[in-house]
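Visitor: Here are the chains, one letter per residue:
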Amino acid sequence: MALAIKAEGIYKTFRSGWGRKRNKEVLKGVDLQIEEGEIFGILGPNGAGKTTLLSILSTLLLPDRGQIRIFGMDGITDGHRIRERVNISSGNANFVWSLTVEENLQFYGMLYGLAGRRREERVNFLINLFDLRDHRDVPFDQLSTGMKQRLSLAKSLLNEPEILFLDEPTVGLDPEVSIRIREQIRAIQKERGMTILLTTHQMKEAEYLCGRIAFLKTGEILASGTAHDLKRMVRIGDLVRITFEGNISEEELLRAEGVINYSVTDGHCEIMLDDGERRLGPLVSTLTQSGTHIKRLSLRQVDLEDVFIEFSKESDSDPGLRL
Amino acid sequence: MSLSSFQKNLIRIQAFAFKNWIITKRNFFSLSEILFWPLVGLFSVGLLTVFLKLDADMTGFILIGVMSMSLIQVCQIDVAYALLYDLWAKSMKHTFIAPIHSFQLILGSWFIGMLRSSFVFLLLSIFSLLAFHFNFFRSGFLTVLFFLLGLFLIAVLIGLCVCILVLLFGYKAEVAAWSITSLMALICGIYYPVSILPSPLPGIARAIPLTYFLEYFRSFYGFRNELTYPLGWGFGLIGFYLLLGAILFKMVLHHARSKGTFVRLSE
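Read top to bottom, the protein sequences are chains A and B. So our numbering is basically just the index in the first sequence, starting at one, shifted up by 630. So our numbering is basically just the index in the second sequence, starting at one, shifted up by 106.
Among these hints, one or two may not hold up.
Dumping the calculated BS3-like pairs for lysine-lysine here, alpha-carbon to alpha-carbon at most 25 Å [to be verified]:
(1) B/365 - A/636
(2) B/365 - A/654
(3) B/365 - A/847
(4) A/778 - B/196
(5) A/651 - B/365
(6) B/278 - A/651
(7) B/196 - A/654
(8) A/654 - B/278
(9) A/778 - B/131
(10) B/365 - A/658
Cβ-to-Cβ under 10 Å is the rule here; a few derived chain A residues that face chain B [what the hints assert, rightly or not]:
(11) 690
(12) 692
(13) 694
(14) 715
(15) 720
(16) 726
(17) 769
(18) 772
Please keep in mind that the hints were generated in silico from the structure rather than gathered at the bench. Think of the CB as a built atom: it goes at the ideal place given N, C-alpha and C, for glycine as much as any other residue.
Kindly produce the complete structure, drawing on both the sequences and the hints.
Guide: Right under this line is the structure:
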């Protein structure tokens, strides 16, 4: 698969105050490769540098150092050509207040060089796609947050971009609207096969939408890969809690496949498995055959939040460690 | 059918004209800019000339100044609005992630500025004729045309200057949209000849195109030219400043991309 985005050694420092003496190093040598047609997520806490990285890749911001290639074009010198093929939508969307939904889309459609009937058709299509029909004549400042976000997404598809940058697309939205927006993002990507680069601090959103994920913290990529790969990297495993009657054979536990760790106390047992879904069935069979009567059982699978915390701990204790 | 680069340029220019046009027709403050303030300015100064019992030529001298200031202010604010609306709405990044050129932004908004300003000119011409018996068309249609073209070009220079300041200083610079014209009026002799200014202001006035256009237009109302070839100097200076402004604007846009201005002003 060809690369849509390739970034190497991206550095960015913001200087402020008198004499530009106050420095804030926001990105510290970020490398990234994103394939055409994938949804790639950049996950990290507030202030990690997600928006700065996305702004650089979308040509809104120039890096201090580093190289960027977007479809093979130079991200620093070919900005204008790149901007023809990309677009952005961000959370807490803002557009000119007194323009209506339709007028905002017409305006941005013109900025992307769409003319006459083609623009009309595109605007109508997007108004229908995002269910904005009843609000097409409503000024932007009278829209609800969810409607504003839908307009932002509609605007970002005006030029049928090959790369779509989504900066915290569901921030500030209620859960119901967030779910709907996520579904729309997924459907659009599936239908058009475009590359999406998404930043979020919501681990569940990243897991739901993204094929691959990069953890960004204090301007550095801690790790990247699929959600499954990342979970395996940290080896914190899935936790099985068992309440039982009779005995539990520690010998059997030691022999069972995939057991990372365990602890047994009076009638209760906690077992850490490397892959809960795959190992749980055989483990239960083994315990039952050895005479353990299982009264209650629960499985808590590791999620991206646990993984991120683990990576953060590792990077804090060993700043040289980057995966 | 794919569009030529020229057609795409026209559409993008149309985009900025479209935005300014919609805002003009929808906002009360925008309407007051072309109806209320110019008329208040004309009447208050016009009545002052009546009170001071100024002769017809002197009244014309002052009304030409009032008219010029209103026309420049209305036209330049439209150019400045191209960025100011994005600044106020925090939508700047959406404009600058689109594949636009700086000249498209300026030309589109300037077009609406010229329309609004032409309307103000007609309005003030009628009222000054009716209320103060001063005819702006006495000098001839072509003279009025050159004079207006000069004022519109000065307006685009001021608007460009405001845009540059907004990109450099953000919200702190928005006041420039209302103050640069007044400052220029002070130096270029809106209500008096520049020769009465204390040194070194007359020298500075000679570096500002408005001085030459006021001199040119007033020469048709009985005032002797103190400057030679005012029209040539006026347009020449405008050409020079436009070139300088275009280069500066391009540099400032690059600076804004480097400093994160578009992102910062959109948060």
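Visitor: Determine for every hint whether it applies to the structure shown.
Guide: Right, here's what the structure says about each hint:
1. B/365 - A/636: holds, 22 Å
2. B/365 - A/654: holds, 12 Å
3. B/365 - A/847: Status holds; Cα separation ~22 Å.
4. A/778 - B/196: With a Cα-Cα distance of about 13 Å, the restraint between residue 778 of chain A and residue 196 of chain B holds, given a limit of 25 Å.
5. A/651 - B/365: holds, 15 Å
6. B/278 - A/651: holds, 21 Å
7. B/196 - A/654: holds, 23 Å
8. A/654 - B/278: holds, 23 Å
9. A/778 - B/131: Roughly 23 Å separates the two Cα atoms, so the pair holds.
10. B/365 - A/658: holds, 17 Å
11. 690: holds, 5 Å
12. 692: holds, 5 Å
13. 694: holds, 9 Å
14. 715: Result: holds, 9 Å to nearest chain B Cβ.
15. 720: Hint holds; residue 720 of chain A Cβ to chain B Cβ min 8 Å, cut 10 Å.
16. 726: For residue 726 of chain A, the interface hint holds, since the closest Cβ of chain B sits about 5 Å away, which is under 10 Å.
17. 769: Holds, because the Cβ-Cβ distance from residue 769 of chain A to chain B comes to roughly 8 Å (cut-off 10 Å).
18. 772: violated, 13 Å
The earlier numbered hint that this structure contradicts is number 18, and it is the only one.
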